Amino acid sequence: MSANLTFPKGGVHPPELKGLTEKLAIEVMPLPDELELILGQHIGAPCTPTVKRRDEVSEGALVAEVTKGLGVPLHAPAAGSIKALGSSAHPLRVSAPSITIKTNPEAAPATWEVQEDWRQSTPEELLKKVHDAGIIGIGGAGFPTHVKLKPPADSPVDTLLLNGAECEPYITADHRTMLEKAEEVVEGGKILLKILGIKTCVIGIENNKPDAITAMSSAVAAATEAGFDIRVVALEVKYPQGSEKQLIQAITGRKVPSLALPSAVGVVVHNVSTTRAVRDAVVLSKPLIEKVITVSGRGINRPANLLVKVGTKVSDIVEFCGGVKPDLARIVLGGPMMGFAVSTLDIPVTKTTSSVLFLTEDEIDSRELSNCIRCGWCLEACPMGLEPKEIGIYVEAGRPEDTAQFGVFDCFECGSCAYVCPAKRPLVQFVRLAKMKAKR
Amino acid sequence: MWNVSVSPHVRSNESVDKIMWTVVACLVPPLLLSVFVFGVQVLLITAVSVISCMAVEAISQKLLGREVTVKDGSAALTGMLMAFVIPPGVSFLIPILGAVMAIYIGKHLMGGLGYNIFNPALLGRAFLLATFPVAMTSAWLPPLTDGAIFTYLSSGVDAISTATPLAVLKEQGMLAFREAFGSPAEVYPSFFLGWRPGCIGETSGLLIVLGGIFLMYKRYITWHIPVSMLGTMAVLTWIFGGDTLFSGDPLLAVLTGGALLGAFYMATDYVTSPSTRTAQLVYGIGIGALTVLIRIKGGYPEGVCYAILLMNPLSSVLDGWFKPKRFAPPAGGEK
Ligand code: SF4
Ligand code: SF4
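Read top to bottom, the protein sequences are chains A and B. The first sequence runs 1 to 440 under this note's numbering. The second sequence runs 1 to 335 under this note's numbering.
The set of hints was computed from the structure by calculation and includes no laboratory data. The model shown is predicted, which means the values in this text are computed figures rather than measured ones. Think of the CB as a built atom: it goes at the ideal place given N, C-alpha and C, for glycine as much as any other residue. Misleading hints may appear alongside valid ones.
To be verified - Here are a few chain B residues that sit away from chain A, every Cβ distance over 12 Å (derived from the structure): (1) I19; (2) I105; (3) G111; (4) E186; (5) S190; (6) W195; (7) F214; (8) Y217; (9) L255; (10) I294; (11) D319; (12) G320.
To be verified - DSS-like cross-link-like pairs, simulated, lysine-lysine; straight-line CA separation at most 30 Å: (13) K255(A) to K323(B); (14) K325(B) to K435(A); (15) K238(A) to K255(A).
Said to hold, decoys possible - Rough simulated footprint, nothing fancy, chain A against chain B, three-plus residues with beta-carbon under 8 Å: (16) 9–18; (17) 122–133; (18) 321–328.
Next comes chain A alone, as it looks inside the complex:
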């Protein structure tokens, strides 16, 4: 294995705090009484329900279908009856349409068995399975996976990258998945290679997970097969190593141009947990109905890595994890750098939730912002070479429309700039405001 790869410009080193959960094996959380399935789990228009109130559904049954635009269908995570077609709290939109399922504790859990050898299927058949199983990028924004697997014809792809960087502090869900399900991730990688019709796959893992690197390397070695060239590389621990553009640059040296997709430089990136879900979809015909999440932070009594059903409410997770501590100050869905703070426990886990963090006052930093002192630290931290300080100053001065010159549209809101800012300026917030008004 070569030296740890990394992206050259910017980046930060927040305390990793993965020790709270990295040694804890994935636990299966018992089925909660109710599940709330948000219809818009993915990027794009929400699904339309295919069930009515009081319908009985079995585990894995289709409950909502794509009717317009990009998207993937939604399945019942467990057997039960449809209690309501209503709305749920949502971290970004205050509320979102959803399906509530009253689970049936009597029903035997579905058994998912190996169906047939995927090697006999055509790429098109495999791609359809990925779509039908409702797979989206579960490490991040929720982009439908089958779309990423059909790169535009004018930009041929030669490399598949599997993203096991998991560079956000606290989160260990991908780590545990790679450690405990290494073979399944590798098999998923092969399926993706077959769909893409290419040979080369590189799995990038930050070197703070040496056990995962070892496990994945042995799984790769054990699965050597003609026509598949898969290898594991160690990445330097630096945030945001797992960001798509930074990862591609670290591993392949290629730079994805502004506003372009990775396929522009011949690369497709999938998260390792998504890859495992692809494997389950193809090999077991199992839809994406459950996922591994990390429950962590000093504000929860029992941090854990949990396998939960999509739609499980945070309140049920809190109960299962021994309740919250009195000094809990903030609840975050996702990582501490890019996740969303929520104001209620009555909010369901979606396919893209990678963690639920319960942070105490000591862990967050609620100091007020002050004037920009022009220290330039944000410029040094920004992996995209942008000028967050100017964006902030312009937004404050009421000129958000003039911020395109500082690169707002290249900002993927990684938060590195705001992390280092000594004046505690909410630079990501400023960027979001600027993006709404700036002229391209």
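With the hints as your guide, set chain B with the ligands onto chain A.
Positioned in the frame of chain A, the structure of chain B with the ligands alone reads:
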């Protein structure tokens, strides 16, 4: 209800307060040494300067209806730095007037912390130099060698005032300089340690450099501005600073006047210096070149203060010229 502010939810433990007070702390060793070199009155002058700056800051912010932020340490730092660049034998009134100029006019009328174009401490000094030209250019004291730090408190300062090495060099030439301060072998070590006439905080190269290295270790400043500024000064002095070309004394240029203090503590002021590395290098070179120009051709023996003030307004221009390198431009080129 829980706190739902926007991401990131974790932030580094650095803060403006921590940076400012750390820099103030780095200035304490040179100040203490100054007490041994020039006597206890320097402590009083510095205290008056710091307290007046903090008071003027609080009053200005009250008057302008802004939030009072004296405890962020930036006014204290200005007070400290302003005291460091005034002579050790001046009256206590001087730093009070300087504080009004530096903080009220130089900082708050320009928009407050972050919006001032000129380094407030140097603006204060420039104002004092214009208003009290005699005191500001003659209240120099010869270093004490006997540890009798109360000497200048009791005796009249005027009676014992002396001239700074740069002034001697400029007005009387190298021979007079050698006579007054000794051979190079004697001059370098004593100047480096701080035993020479000069402003309150500028004499000890050793302690200033150590403080600067500490700030670099903390990553509060980087080498770019100090090195480019001092390097330029050394090279240009070597070329043009002697009686013939290439006969100047580069080391002496760096060890005299406010060169080191200016390089590590004044020119690196975040607000008034550029933010990108390349711009910082150019800025440092500019200050170094202007300093040498003023020292050799100008009317004053020392040029660091004016050189920095002249470069201050160029900071944002330089930042605009040397923008950070973008990750990758859009495929069709930048619009
Ligand atoms: S949030 Fe945007 S501006 Fe800030 S560091 Fe990340 S990419 Fe740069
Ligand atoms: S890090 Fe904060 S204070 Fe420093 S330049 Fe950027 S926005 Fe301004």
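Results of checking the hints against the structure:
1. I19: violated, 6 Å
2. I105: holds, 18 Å
3. G111: violated, 8 Å
4. E186: holds, 41 Å
5. S190: Correct as stated: the minimum Cβ-Cβ distance to chain A is 36 Å, above 12 Å.
6. W195: holds, 35 Å
7. F214: holds, 17 Å
8. Y217: holds, 16 Å
9. L255: Given a closest Cβ separation of 29 Å, the condition holds.
10. I294: Since the minimum Cβ distance to chain A is about 26 Å, I294(B) lies beyond 12 Å and the statement holds.
11. D319: violated, 8 Å
12. G320: violated, 10 Å
13. K255(A) to K323(B): holds, 19 Å
14. K325(B) to K435(A): OK: K325(B) and K435(A) at ~20 Å, within 30 Å.
15. K238(A) to K255(A): Answer holds: K238(A) to K255(A) is near 18 Å, not above 30 Å.
16. 9–18: Per the Cβ count (9), the hint holds.
17. 122–133: Violated: only 0 residues of the stretch 122–133 of chain B have a Cβ under 8 Å from chain A.
18. 321–328: holds (count 6)
Consistency with the previously given hints fails for numbers 1, 3, 11, 12, 17, ordered from lowest to highest.
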